[in-house]
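Participant: Protein sequences, first through last, are from chains B, P, A and S. Reading the first sequence from the start, the letters are residues 1 to 340 in my numbering. Reading the second sequence from the start, the letters are residues 1 to 340 in my numbering. Reading the third sequence from the start, the letters are residues 1 to 340 in my numbering. Reading the fourth sequence from the start, the letters are residues 1 to 340 in my numbering.
Just so you know, the hints here were simulated from the structure itself, not pulled from any lab data. Mixed in with the good hints there might be a few duds.
Identical copies go unnamed one by one, so any copy, or any two together, can satisfy a pair.
[Stated by the list, open to error] Straight-line C-alpha distance at most 25 Å; calculated BS3-like pairs for lysine-lysine:
{"hint": "1", "residue 1": "Lys-329", "residue 2": "Lys-164"}
{"hint": "2", "residue 1": "Lys-120", "residue 2": "Lys-224"}
{"hint": "3", "residue 1": "Lys-164", "residue 2": "Lys-224"}
{"hint": "4", "residue 1": "Lys-220", "residue 2": "Lys-298"}
{"hint": "5", "residue 1": "Lys-329", "residue 2": "Lys-268"}
{"hint": "6", "residue 1": "Lys-120", "residue 2": "Lys-268"}
Number of protein chains: 4
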Amino acid sequence: MISFSCDYLEGAHPRILERLFLSNMEQHRGYGQDRHCEHARQLISKACGRDDLDIHFMVGGTQTNMTVISSVLRPYQGVVCAQTAHINVHETGAIEHSGHKVMTINTADGLLSAEQVRDKIASHYADPNIEHTVQPGMVYLSMPSELGTIYTKQQLTDIAQVCKENSVPLYIDGARLGYGLCSDLSDMTLADIARIADIFYIGGTKQGALMGEALVIANKAYSKDFRYNIKQNGGLLAKGRLLGLQFEALFEDELYWQLSVHANHEAKRIHDALVSKGYELYTDAHTNQILVYMSADKLETLSSDFSLDFWWREDDRVLVRICTSWATKSENTDRLIAAL
Amino acid sequence: MISFSCDYLEGAHPRILERLFLSNMEQHRGYGQDRHCEHARQLISKACGRDDLDIHFMVGGTQTNMTVISSVLRPYQGVVCAQTAHINVHETGAIEHSGHKVMTINTADGLLSAEQVRDKIASHYADPNIEHTVQPGMVYLSMPSELGTIYTKQQLTDIAQVCKENSVPLYIDGARLGYGLCSDLSDMTLADIARIADIFYIGGTKQGALMGEALVIANKAYSKDFRYNIKQNGGLLAKGRLLGLQFEALFEDELYWQLSVHANHEAKRIHDALVSKGYELYTDAHTNQILVYMSADKLETLSSDFSLDFWWREDDRVLVRICTSWATKSENTDRLIAAL
Amino acid sequence: MISFSCDYLEGAHPRILERLFLSNMEQHRGYGQDRHCEHARQLISKACGRDDLDIHFMVGGTQTNMTVISSVLRPYQGVVCAQTAHINVHETGAIEHSGHKVMTINTADGLLSAEQVRDKIASHYADPNIEHTVQPGMVYLSMPSELGTIYTKQQLTDIAQVCKENSVPLYIDGARLGYGLCSDLSDMTLADIARIADIFYIGGTKQGALMGEALVIANKAYSKDFRYNIKQNGGLLAKGRLLGLQFEALFEDELYWQLSVHANHEAKRIHDALVSKGYELYTDAHTNQILVYMSADKLETLSSDFSLDFWWREDDRVLVRICTSWATKSENTDRLIAAL
Amino acid sequence: MISFSCDYLEGAHPRILERLFLSNMEQHRGYGQDRHCEHARQLISKACGRDDLDIHFMVGGTQTNMTVISSVLRPYQGVVCAQTAHINVHETGAIEHSGHKVMTINTADGLLSAEQVRDKIASHYADPNIEHTVQPGMVYLSMPSELGTIYTKQQLTDIAQVCKENSVPLYIDGARLGYGLCSDLSDMTLADIARIADIFYIGGTKQGALMGEALVIANKAYSKDFRYNIKQNGGLLAKGRLLGLQFEALFEDELYWQLSVHANHEAKRIHDALVSKGYELYTDAHTNQILVYMSADKLETLSSDFSLDFWWREDDRVLVRICTSWATKSENTDRLIAAL
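Using the sequences and the accompanying hints, generate a full structural model.
Facilitator: This is the structure in structure tokens:
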């Protein structure tokens with residue numbers, strides 16, 4: 001049985017395990033204040049082209065989102081995002097649990113537009129009983145989106161401009177940031193993201209690490225006392241070195257980008273096969289995620305050899321997600337293509 | 001200047017002021033444990049046709065909603081309601097502030113259907129990663145709805161049935177319950193509400209009281225330790241007698257229903273005038289609220305003598321709410337009709 | 001049966017009822033934006049000797065405390081107060097419910113000292129794992145304290161100085177502020193309070209109003225968007241006029257101070273009688289509250305004619321609170337003294 | 001420089017790294033639903049002598065505590081614990097952040113007594129205004145305590161009895177459970193803990209794992225929907241296998257106990273050396289933690305070669321924690337003893 005159901009099926013890239021092994025008996029101060037974390041911060045800063053970034057290593061995405069968002073918002077503020085945003089649908093209401101409304105915008109493809117964000121914010125300020133409604137206090141978006149689609153530099157710049165005009169920070173969830181930036185449709189670098197976003201994170205869990213996300217606070221206004229927030233939200237890993245050394249491995253020798261390119265390449269091969277065989281795609285993805293319609297029968301047949309990710313049923317067909325990763329073996333991609 | 005902008009413009013019905021005056025120097029135990037509260041509970045129980053109800057007096061609607069909903073839900077649960085629900089749009093995210101997601105359903109007229117509720121709940125339980133999504137833990141609806149529309153007994157009974165099948169309580173926001181039950185379209189009594197809902201409240205603020213809502217917990221499963229929740233949410237009025245004596249006045253001699261009938265009657269006159277003059281109604285309201293389209297010019301002309309409630313602009317016209325109440329004077333209704 | 005058990009036994013001072021009656025059919029905009037609230041704000045500003053205050057009318061004390069404290073603190077901050085503080089013992093954990101730790105200091109008499117506050121704050125900043133502990137973000141104290149003791153101007157000024165040095169605001173709970181400022185031991189005026197505190201409230205509920213507290217934000221840094229916080233915490237009274245007109249009555253013609261002086265005078269008479277009869281006082285109170293030890297037998301005897309407030313048992317004696325108020329009749333005081 | 005400052009200085013026991021390496025390219029379902037987690041659950045169940053336990057793997061202690069406590073308590077309830085409890089002093093108010101008061105009891109040695117717990121609970125129910133105070137809803141204790149002291153079976157059984165009588169669950173924080181149970185003073189086994197506690201966790205982070213705690217819900221009443229709580233609190237690790245395989249390693253071949261015995265043995269050697277040299281101990285510890293007074297000069301001298309954990313200054317001496325662990329090398333213990 002070969003699984004293409006998600007991008008966190010395997011452990012970690014061998015170079016990470018090697019570092020874990022080599023550093024194991026070193027004694028380090030806890031909570032992210034060790035040498036490996038420090039070095040990883042330097043590597044990420046360099047990749048971002050800036051030396052004034054505030055970088056923290058977190059264990060997982062939901063934890064990162066809830067910590068960041070609740071640290072920025074005032075009690076009466078909410079976070080604006082797409083209806084399909086991870087924080088809206090797949091985090092068990094962690095944002096609401098922290099006291100804040102998730103203010104959704106309907107989108108066709110999981111991507112917000114600057115116009116939509118402007119309207120959402122403006123509609124609040126136009127309300128005559130303004131204090132009876134939740135104030136937009138942050139804009140959240142994922143790059144790539146939960147539907148595998150990506151933003152262009154212009155689109156993100158426009159959204160950031162709306163945010164700036166309204167004094168609302170822009171937060172980018174980069175759980176799959178590498179896959180997004182390495183997409184053949186992307187015209188951005190990590191440095192662009194660091195310039196455009198106030199806060200963002202560089203995903204590790206889905207990008208080759210055992211676990212971990214590198215949170216980057218690019219706008220110093222949101223840095224004050226941030227470690228208190230991490231601790232209070234249960235996210236301050238005692239052996240923080242585990243996170244640091246993984247990002248050291250990922251950001252030395254361009255490993256992070258190589259793994260991203262590999263996953264996208266394998267996805268592209270599947271994508272092209274699907275198109276050539278007449279399957280209908282849900283979104284025209286160019287990252288490591290493919291959303292495709294197939295008959296329920298076809299899915300059942302495939303399921304004897306492959307594990308895919310069932311999303312939902314629509315009449316007589318089903319929507320399925322096929323996911324590659326840094327760990328996808330080319331021969332497994334070949335097998336899947338043959339079976340499609 | 002005459003205002004039809006809402007139903008809490010004036011103070012209170014004279015009989016309430018009279019009681020306030022007469023009881024003023026009585027010494028009473030605080031926090032709702034006085035003789036007036038006790039008597040008001042008896043009167044409401046009688047009007048509900050039951051003697052096993054747990055009744056609490058609260059100061060306002062938002063406070064009541066947040067206290068009830070957060071007392072019932074487990075941390076990972078949310079409350080299902082219409083997109084237009086008061087808790088979703090006009091309570092500054094009080095429900096989210098208490099840690100819970102508001103799970104909305106789009107409706108044309110502000111009314112939920114049993115089918116919609118069933119689907120909403122079922123879609124949660126169909127999710128393969130069920131614990132990644134918020135669990136529906138309560139259904140909230142308003143009678144009448146925020147758009148002035150009302151539920152029939154059959155509609156509410158069907159929703160309650162879906163709730164029961166899913167072990168999810170039904171909570172009815174009755175901020176304007178009197179106006180709703182006295183609508184010419186209503187086929188329900190207060191006793192029906194007490195039989196159908198697990199929890200509901202009988203609005204006082206918009207129905208002739210200075211302030212106050214009578215919360216009725218009809219399902220004993222939700223009564224335990226409820227007063228702790230009221231106190232913790234800042235809702236335990238020190239001089240609880242003020243709430244008790246107002247509901248004594250409202251539920252003696254049918255005053256509550258008389259005031260409701262009066263408001264609806266005045267609204268009906270305005271409604272009929274609007275229809276006869278060709279205005280387009282947003283919803284065909286039969287309570288004390290009328291949502292009507294008019295030209296921006298017409299609204300401006302009216303605004304020299306009348307205060308109406310502007311909701312929003314749609315192209316070249318505006319949506320306006322006209323509201324009557326227990327206090328509306330017939331001669332003012334006459335003037336408004338003449339001016340329309 | 002005559003009660004001296006608390007200071008919110010009766011309704012309201014007649015001048016308040018009169019205003020309620022006279023203004024009843026006026027039509028007013030809701031939520032504290034009416035003419036009466038505006039006028040009351042002017043009167044309070046004048047009494048505070050400043051015209052730059054941000055004043056809001058709230059319904060009750062717990063609601064006021066939770067709204068103020070949660071609006072000021074960052075998520076990882078707590079509020080420093082005496083172990084006996086109302087927010088620590090008698091608000092059902094409302095502060096913790098809003099997400100914040102109550103950081104207590106043990107005191108003999110319910111009063112904080114500048115030294116204690118300095119040490120409490122310093123001990124946090126001395127912790128090597130600083131972000132593992134709650135950061136002090138506000139100082140809360142009550143004037144008079146929950147034990148009926150009062151601060152001198154010097155004591156409050158010293159505490160305020162420590163607060164300023166540490167960039168931590170000082171919030172004064174004035175549920176019984178009138179009784180405190182009119183104490184024969186007090187050397188302060190309302191203007192002093194407005195100069196010393198960043199935020200404070202002037203109690204109405206226990207000082208002659210039906211209900212209501214006037215919240216004064218003296219430090220503009222805490223004013224931004226405050227009304228959102230009130231609404232979100234369920235504290236924005238629809239008919240806000242009710243609060244405004246009560247504070248109009250209290251702050252016209254010095255009524256607030258007259259009522260305070262009266263209550264203190266009656267308490268002094270009881271206090272002197274207790275002392276002359278050899279009762280042991282718990283704190284040497286000079287406001288409207290007396291904490292006194294008596295034998296359990298004596299309390300039982302008194303209880304046939306008087307309702308007093310039992311606090312706790314200590315060996316063979318009990319601690320009892322005797323409370324006067326604006327409404328205490330002198331003949332009832334006479335009767336109590338005779339019975340002691 | 002050799003560190004004895006805490007028990008999470010190194011990576012993980014080699015057998016854990018080996019498993020990580022061997023299982024790395026296996027494809028596993030996420031979120032704790034893989035084969036390794038399943039196997040680890042069986043091993044732990046067996047060590048607990050029961051097959052009806054609900055076991056979850058969490059990443060860290062603060063996260064575990066906040067998830068468990070907030071899942072059990074009703075909004076108006078708090079958790080009873082020692083003043084020195086980890087949740088009270090070193091989790092940045094995570095419990096309060098989840099909405100609940102930490103209700104502390106002063107202790108001399110970090111250990112609660114049944115009598116203290118009974119009194120704490122009884123004092124709540126004796127309050128005449130019961131709903132104005134926080135209701136005790138859970139008892140939390142650490143075994144061993146934060147001061148390195150341990151409970152006997154009788155002591156824990158007595159506390160559990162008080163809990164049962166009051167329908168309040170007992171939760172045991174076992175961050176260092178192995179060190180506690182392997183103390184020469186302990187008369188308990190893991191099976192005893194599983195019989196006495198309603199919920200407890202078996203620490204991994206400080207006991208030889210990279211990270212991770214095994215949470216055991218022994219009382220089924222608290223199991224319902226627990227995974228939602230984990231996810232909502234950001235604690236559901238995507239690659240849950242990492243936690244499962246670590247506990248597989250620890251609970252196969254008694255590794256967990258061997259590592260605990262080793263750490264305690266090294267601590268005993270240091271403890272005996274301290275006693276023989278006349279140092280004053282703060283608590284007479286028999287686990288892996290030693291709290292000892294020394295002169296500030298002595299600490300400074302030691303600090304050139306050893307890193308110890310400074311707790312606080314008392315007059316002219318300092319309190320220092322010396323910590324061994326599964327990873328402590330005997331030759332380093334020798335060196336420290338020589339230097340003392």
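Participant: All hints are to be evaluated individually against the structure, with a verdict given for each.
Facilitator: Verification of the hints:
In the homo-oligomer, the alpha carbons of Lys-329 and Lys-164 never lie at most 25 Å apart, since the shortest distance is 43 Å inside one protomer and 50 Å across protomers. In the homo-oligomer, the alpha carbons of Lys-120 and Lys-224 lie at most 25 Å apart only across protomers (21 Å), although the nearest pairing inside one protomer, at 28 Å, exceeds that limit. Taking the shortest Cα distances, Lys-164 and Lys-224 sit within 25 Å of each other both inside one copy (20 Å) and across copies (19 Å). Taking identical chains as interchangeable, the C-alpha atoms of Lys-220 and Lys-298 are never at most 25 Å apart, the minima being 52 Å within one chain and 41 Å between chains.
Taking identical chains as interchangeable, the C-alpha atoms of Lys-329 and Lys-268 lie at most 25 Å apart only when both belong to the same chain, with a minimum of 14 Å there against 52 Å between chains. Within a single copy, Lys-120 and Lys-268 get their C-alpha atoms no closer than 35 Å, and across copies no closer than 36 Å, so neither meets the 25 Å cut-off.
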